[in-house]
Amino acid sequence: MRSKPIILVLLVHLCLSFLYSSLATSPGSSDGFTINGRVKIPSMDVKGFGLPGKLSNVKVILNGGQRVTFLRADGFFSFHDVPAGTHLIEVDALGYFFSPVRVDVSARYPGKVQAALTENRRSLIELVLEPLREEQYYEIREPFSVMSLVKSPMGLMMGFMLVVVFLMPKLMENMDPEEMKRAQEEMRSQGVPSLANLLPGGAGRSS
Amino acid sequence: MGMRMAIRVFLPLLLLLASAEHSFSLYEDQVGLMDWHQQYMGKVKHAVFHTQKTGRKRVVVSTEENVIASLDLRHGEIFWRHVLGTNDSVDGIDIALGKYVITLSSEGSVLRAWNLPDGKMVWESFLQGSKPSKSLLSVLINLKVDKDNVILVFSKGCLHALSSIDGEVLWEKDFSAESIEVQQIIQPSGSDIIYAVGFVGSSQFNAYEIDAKNGELLKHKSAAFPDGFYGEVLLVSSDMLVSLDATRSSLVTINFQNEEINFGKTYISDLVEESSRNAVILPSKLSGIFAIKVDTFSVFIRVTTERKLEVVDKINNAAAVSDALSFSEGQQAFAIVEHVDGKILLTVKLNHDWNGDLLKESIVMDHQRGLVHMVFINTYIRTDRSHGFRALIVMEDHSLLLLQQGAIVWSREESLASIVDVTTSELPVEKKGVSVAKVEQNLFEWLNGHILKLKGTLMLASLEDIATIQGMRLKSFEKSKMTRDHNGFRKLLIVLTRAGKLYALHTGDGRVVWSLLLSSLRKSGSCENPTGLGVYQWQVPHHHALDENPSILVVGRCGPNWDAPGVLSFVDAYIGKELDSLDLTHSVTQVIPLPFTDSVEQHLHLIIDADHHAHLYPRTSEAIGIFQNEFSNVYWYSVDADNGIIKGHDLKINCIGVADEYCFDSRDLWSIVFPSESEKIIETVTRKLNEVVHTQAKVIDGQDVMYKYISKNLLFVATVAPKASGEFRMVTPEESWLVVYLIDTVTGRILHRMTHHGSQGPVRAVFSENWVVYHYFNLRAHRYEMSVIEIYDQSRADNKDVLKLVFGKHNLTSPISLYSRPEVITKSQSYFFTHSVKTITVTSTAKGITSKQLLIGTVGDQVLALDKRYLDPRRSVNPTQAEKEEGVIPLTDSLPIIPQSYVTHALKVEGLRGIVTVPAKLESTTLAFAYGVDLFFTRMAPSRTYDSLTEDFSYALLLITIVALIAAIFVTWVLSERKELQEKWR
Chain A
1 MRSKPIILVL LVHLCLSFLY SSLATSPGSS DGFTINGRVK IPSMDVKGFG
51 LPGKLSNVKV ILNGGQRVTF LRADGFFSFH DVPAGTHLIE VDALGYFFSP
101 VRVDVSARYP GKVQAALTEN RRSLIELVLE PLREEQYYEI REPFSVMSLV
151 KSPMGLMMGF MLVVVFLMPK LMENMDPEEM KRAQEEMRSQ GVPSLANLLP
201 GGAGRSS
Chain B
1001 MGMRMAIRVF LPLLLLLASA EHSFSLYEDQ VGLMDWHQQY MGKVKHAVFH
1051 TQKTGRKRVV VSTEENVIAS LDLRHGEIFW RHVLGTNDSV DGIDIALGKY
1101 VITLSSEGSV LRAWNLPDGK MVWESFLQGS KPSKSLLSVL INLKVDKDNV
1151 ILVFSKGCLH ALSSIDGEVL WEKDFSAESI EVQQIIQPSG SDIIYAVGFV
1201 GSSQFNAYEI DAKNGELLKH KSAAFPDGFY GEVLLVSSDM LVSLDATRSS
1251 LVTINFQNEE INFGKTYISD LVEESSRNAV ILPSKLSGIF AIKVDTFSVF
1301 IRVTTERKLE VVDKINNAAA VSDALSFSEG QQAFAIVEHV DGKILLTVKL
1351 NHDWNGDLLK ESIVMDHQRG LVHMVFINTY IRTDRSHGFR ALIVMEDHSL
1401 LLLQQGAIVW SREESLASIV DVTTSELPVE KKGVSVAKVE QNLFEWLNGH
1451 ILKLKGTLML ASLEDIATIQ GMRLKSFEKS KMTRDHNGFR KLLIVLTRAG
1501 KLYALHTGDG RVVWSLLLSS LRKSGSCENP TGLGVYQWQV PHHHALDENP
1551 SILVVGRCGP NWDAPGVLSF VDAYIGKELD SLDLTHSVTQ VIPLPFTDSV
1601 EQHLHLIIDA DHHAHLYPRT SEAIGIFQNE FSNVYWYSVD ADNGIIKGHD
1651 LKINCIGVAD EYCFDSRDLW SIVFPSESEK IIETVTRKLN EVVHTQAKVI
1701 DGQDVMYKYI SKNLLFVATV APKASGEFRM VTPEESWLVV YLIDTVTGRI
1751 LHRMTHHGSQ GPVRAVFSEN WVVYHYFNLR AHRYEMSVIE IYDQSRADNK
1801 DVLKLVFGKH NLTSPISLYS RPEVITKSQS YFFTHSVKTI TVTSTAKGIT
1851 SKQLLIGTVG DQVLALDKRY LDPRRSVNPT QAEKEEGVIP LTDSLPIIPQ
1901 SYVTHALKVE GLRGIVTVPA KLESTTLAFA YGVDLFFTRM APSRTYDSLT
1951 EDFSYALLLI TIVALIAAIF VTWVLSERKE LQEKWR
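As they're listed, the protein sequences go chains A and B.
Using our numbering, read the first sequence as starting at 1 and increasing by one per residue.
Using our numbering, read the second sequence as starting at 1001 and increasing by one per residue.
Just chain A, same shape as in the assembly (with noise of 0.2 Å):
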């Protein structure tokens, strides 16, 4: 994981809850945190936006499906209203591989925030989130070479004929010719089908 210089900084702060008077009443929705962070995929940067309907689909997911939202033009995003406690975020962008975060909202230092990644528990200092890796969801087809049809059953099967057919000859060549001999009347005696008697027609003449 390269670490890039952070931009922006993870703000927890608490809902300004003394401007509604009536909210005092409904202790419901005071108590509620702002989560605000960053999806930074490196390909929006070098490419700029040259991929707009991949990253539009980019879902930002709190506590496996709890709440969804989606990323601003420039990948920023929150959760409002969040109460104070451990929360998971994961990041659903298509042809990538994010890591969810853990992030901790404090009720007691408000303001005050923590935010790992889970697959490798490294600490994000601040909330900008970023692909592990990316993801190729196709084999990718190899070029066609001369080595991959050798190496089908098909190929495999014609390299070992022609191996028997224009090798074995060559190795009996280079044999001794008297061994050579004892070998063929061996051979013979033994009844061995030579390549010819298995043939119509050959094995007529050959006995």
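Check the hints yourself; a few may be wrong.
No more than 27 Å apart at the CA atoms, straight line, and that leaves these computed lysine-lysine pairs for DSSO-like [said to hold, decoys possible]:
{"hint": "1", "chain 1": "A", "residue 1": "K151", "chain 2": "B", "residue 2": "K1884"}
{"hint": "2", "chain 1": "A", "residue 1": "K40", "chain 2": "B", "residue 2": "K1099"}
{"hint": "3", "chain 1": "B", "residue 1": "K1984", "chain 2": "A", "residue 2": "K170"}
{"hint": "4", "chain 1": "B", "residue 1": "K1979", "chain 2": "A", "residue 2": "K170"}
{"hint": "5", "chain 1": "B", "residue 1": "K1723", "chain 2": "B", "residue 2": "K1647"}
{"hint": "6", "chain 1": "B", "residue 1": "K1979", "chain 2": "A", "residue 2": "K151"}
{"hint": "7", "chain 1": "A", "residue 1": "K181", "chain 2": "B", "residue 2": "K1984"}
{"hint": "8", "chain 1": "B", "residue 1": "K1979", "chain 2": "A", "residue 2": "K181"}
Label-pair distances were calculated between CB atoms; the ranges are [said to hold, decoys possible]:
{"hint": "9", "chain 1": "B", "residue 1": "R1056", "chain 2": "A", "residue 2": "T34", "range": "55 to 61 Å"}
{"hint": "10", "chain 1": "B", "residue 1": "V1512", "chain 2": "A", "residue 2": "R121", "range": "45 to 51 Å"}
{"hint": "11", "chain 1": "A", "residue 1": "G95", "chain 2": "B", "residue 2": "G1076", "range": "23 to 29 Å"}
{"hint": "12", "chain 1": "B", "residue 1": "E1886", "chain 2": "A", "residue 2": "L132", "range": "28 to 34 Å"}
Some chain A residues close to chain B (C-beta under 8 Å, calculated; not the full set) [as the list claims (entries may be wrong)]:
{"hint": "13", "residue": "T69"}
{"hint": "14", "residue": "R72"}
{"hint": "15", "residue": "A73"}
{"hint": "16", "residue": "G75"}
{"hint": "17", "residue": "H80"}
{"hint": "18", "residue": "D81"}
{"hint": "19", "residue": "L94"}
{"hint": "20", "residue": "Y109"}
{"hint": "21", "residue": "E119"}
{"hint": "22", "residue": "Q136"}
{"hint": "23", "residue": "V165"}
Derived by calculation from the structure, the hints in this document are not laboratory data.
We put the CB at the ideal spot given by N, CA and C, even for glycine.
Keeping the supplied structure of chain A fixed, place chain B upon it in accordance with the hints.
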């Protein structure tokens, strides 16, 4: 010698080559060969047209599946689409500044702006408020502040004005202290004043006059209407509202712009003779006119200049009314769509002139689409510069259609975004004489195709050729035939949707073969709120009765409650015709397909009602006869998650007090009560009923045998600490735990219990053979985990001694009773898993021989195939040589996510809710269907297709090889002949 050596060398090489690749992986050009993907949105709730500017004409819609989408008005294709979170339902949409789509969602707390051309989110505002209320959204087009449109949102008891450029709050006005239920935000055109009107209590009407520029309260008026109000108010002209009184017997007009608020009361019976008390005001925003629905007909009422109400027309047919649309200088029109004998009649009328029809078109409509539920109109300029109208209509079956010039321009089957249940049906057998053969390619074409393919592999093909090859592969006639195939790849997927419509989809290409709007699941007088529960295979003709069509049982319920009476429908699976339907007198809580069939191959089903009676279907004496024989073998269980009780039941006698021989009383056999202060049931899973297990024995280390404990009656139960079951992750690891159980549902015996301390739900689990895999959250590590439990039968463990088997000293033939205490041992292991999981299922094959893969629906709406071998309790850090040979993978702390093993490859099944696997006839292959807002189907081979040639097998290469071999044989023959001759001459 040489031969042997060669075999020794080549065989492992061959095996190595065969096993090198991942078990599921795809080349990019194979997309669409075995899979198909369809995108939907759900039933449309709101629609906004964007057709003013030149360029692509669009309609932006929001749906009941929390989708917002921009559609091409010409073809109905999706330009862009966003699926919001499950509890982020859309309350309103509008267009601001001509380039932003504004959506209000999450009960009015989230306001977002999306860029209209590409769907990127521009800004997002979070609106705070204190009390739940109606959510209203309006974009003030007329009020321009520095070229900015002001967006008015009323939500959570607070009125917000926001800038549409950046979503900044301009001003706020809090009404929560006033305890007013704001009903409408009104902005009279051409003024800077807005009105917020609503009720306090049931009879006090309040109106607030607010400066739109700064939110200053200008005036507050209040008046009491002693009769009280019912329902909502509707604005009928710039200064007049209409509502119903509390008894729903009279219409109340409210005049709020004068110094005093005036009420006017008109009895509905004075307007409509045959009136009833069930009047409803239709929410269509018209001006000077409004519609009410009394009984079955719609009544249009005009407001005269003297503020009197007067009936202009009465429509007896089912009808839908659009909002008013201003189309040229000061003129407003609206559309009415009504059903007139089998056709639908679209009428566009001017607001102020009832008799001046701008448009009257009659369109033939498939009656399977049901009634018109909603209509949205839009105008365009015809070539002769007059105004034409197009209408977007939403039908009862959730389909979306665009009507223009008396024809349906396009239609979308949006019902498929809300699938409730899935089953499959075989296709008809190919018969002789059926003219399928003539379409099939002849040998020459077949060979030609393969030569082309060979050219492709040898990189000799031109671009044109490549296109032809791809086209040929995708449009293979084979895969979309309407007959059964040898491999069992072609089937019908029968899906039941929330609209109460049943579809048959072809597995080859995903097309709709037939669809049927079930009459039993349509709203009617006796059945107010029908909901579909499930589909079951009712009649599956066996080999000897192939001329009969299979049929499907659809089970539904007349309302949201458990005790609502049930409905049954029987549908022919080939032609999609409803054969029969039954309105049940009892409720439906459980449907148990029994493993018995009668003489016409109808499956016996037991339906359990809310009073724990069991009802047998089909209701024939033959079925009773079969059932009586198996009477004492029927057991089932029920889970009461609220009270933490699991009960086992069996049948007792015929129902007492009811003269119904198909009704049986049940009795409780056992019950397990979980302590409510420490455990709450969050998930229960059993094995799939139709799962096939090939072998019960598992060979370990090459010699040892373990017997899998295979029982159809095992139940997996997961409970968590009650504190941890509510809001997600609001507990410390010390106060949360997850307890999992394996329970025998016949005896109620707990076979296994395990506690995961510091863990919590949600739990997703899958049960297959003798193992269960479950996914949960580990709070200590703060990561998701997956665990596996395998259960083995220990009582038969000593049967592995061959001598004992030979001398008959084994206990294999001794009767197995569930009442004897089973000696089982369990093995378990846990691993980390990166993602949240929406659903887990497992592949299933015809004979159960092929190894299994888990199909995991991730939070990113993808489906990941994970080999079961990764979830094997025998994994260890350093497996022995024997274990390695067996395929035991060394232990790692987390499960691998290999991008190539995403079954959905680069696609997403948005809003994923379920995955169904069906075995093909070919043992190696399983069919997988994932559904949510989108549909995805694929064919997969968990251990590769070992029993058939793959799709990309090159026949041409095989032919060439054979030809070359034959040629070589002849050459060598001639050579050896010659050599022999020479030898003889010597």
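Cross-check of the supplied hints:
{"no.": "1", "hint": "A:K151 x B:K1884", "verdict": "holds, 26 Å"}
{"no.": "2", "hint": "A:K40 x B:K1099", "verdict": "holds, 26 Å"}
{"no.": "3", "hint": "B:K1984 x A:K170", "verdict": "holds, 21 Å"}
{"no.": "4", "hint": "B:K1979 x A:K170", "verdict": "holds, 14 Å"}
{"no.": "5", "hint": "B:K1723 x B:K1647", "verdict": "holds, 24 Å"}
{"no.": "6", "hint": "B:K1979 x A:K151", "verdict": "violated, 33 Å"}
{"no.": "7", "hint": "A:K181 x B:K1984", "verdict": "holds, 15 Å"}
{"no.": "8", "hint": "B:K1979 x A:K181", "verdict": "holds, 16 Å"}
{"no.": "9", "hint": "B:R1056 x A:T34: 55 to 61 Å", "verdict": "violated, 37 Å"}
{"no.": "10", "hint": "B:V1512 x A:R121: 45 to 51 Å", "verdict": "holds, 49 Å"}
{"no.": "11", "hint": "A:G95 x B:G1076: 23 to 29 Å", "verdict": "holds, 28 Å"}
{"no.": "12", "hint": "B:E1886 x A:L132: 28 to 34 Å", "verdict": "holds, 32 Å"}
{"no.": "13", "hint": "T69", "verdict": "holds, 7 Å"}
{"no.": "14", "hint": "R72", "verdict": "holds, 6 Å"}
{"no.": "15", "hint": "A73", "verdict": "holds, 6 Å"}
{"no.": "16", "hint": "G75", "verdict": "violated, 11 Å"}
{"no.": "17", "hint": "H80", "verdict": "holds, 4 Å"}
{"no.": "18", "hint": "D81", "verdict": "holds, 7 Å"}
{"no.": "19", "hint": "L94", "verdict": "holds, 6 Å"}
{"no.": "20", "hint": "Y109", "verdict": "violated, 17 Å"}
{"no.": "21", "hint": "E119", "verdict": "holds, 6 Å"}
{"no.": "22", "hint": "Q136", "verdict": "holds, 6 Å"}
{"no.": "23", "hint": "V165", "verdict": "holds, 6 Å"}
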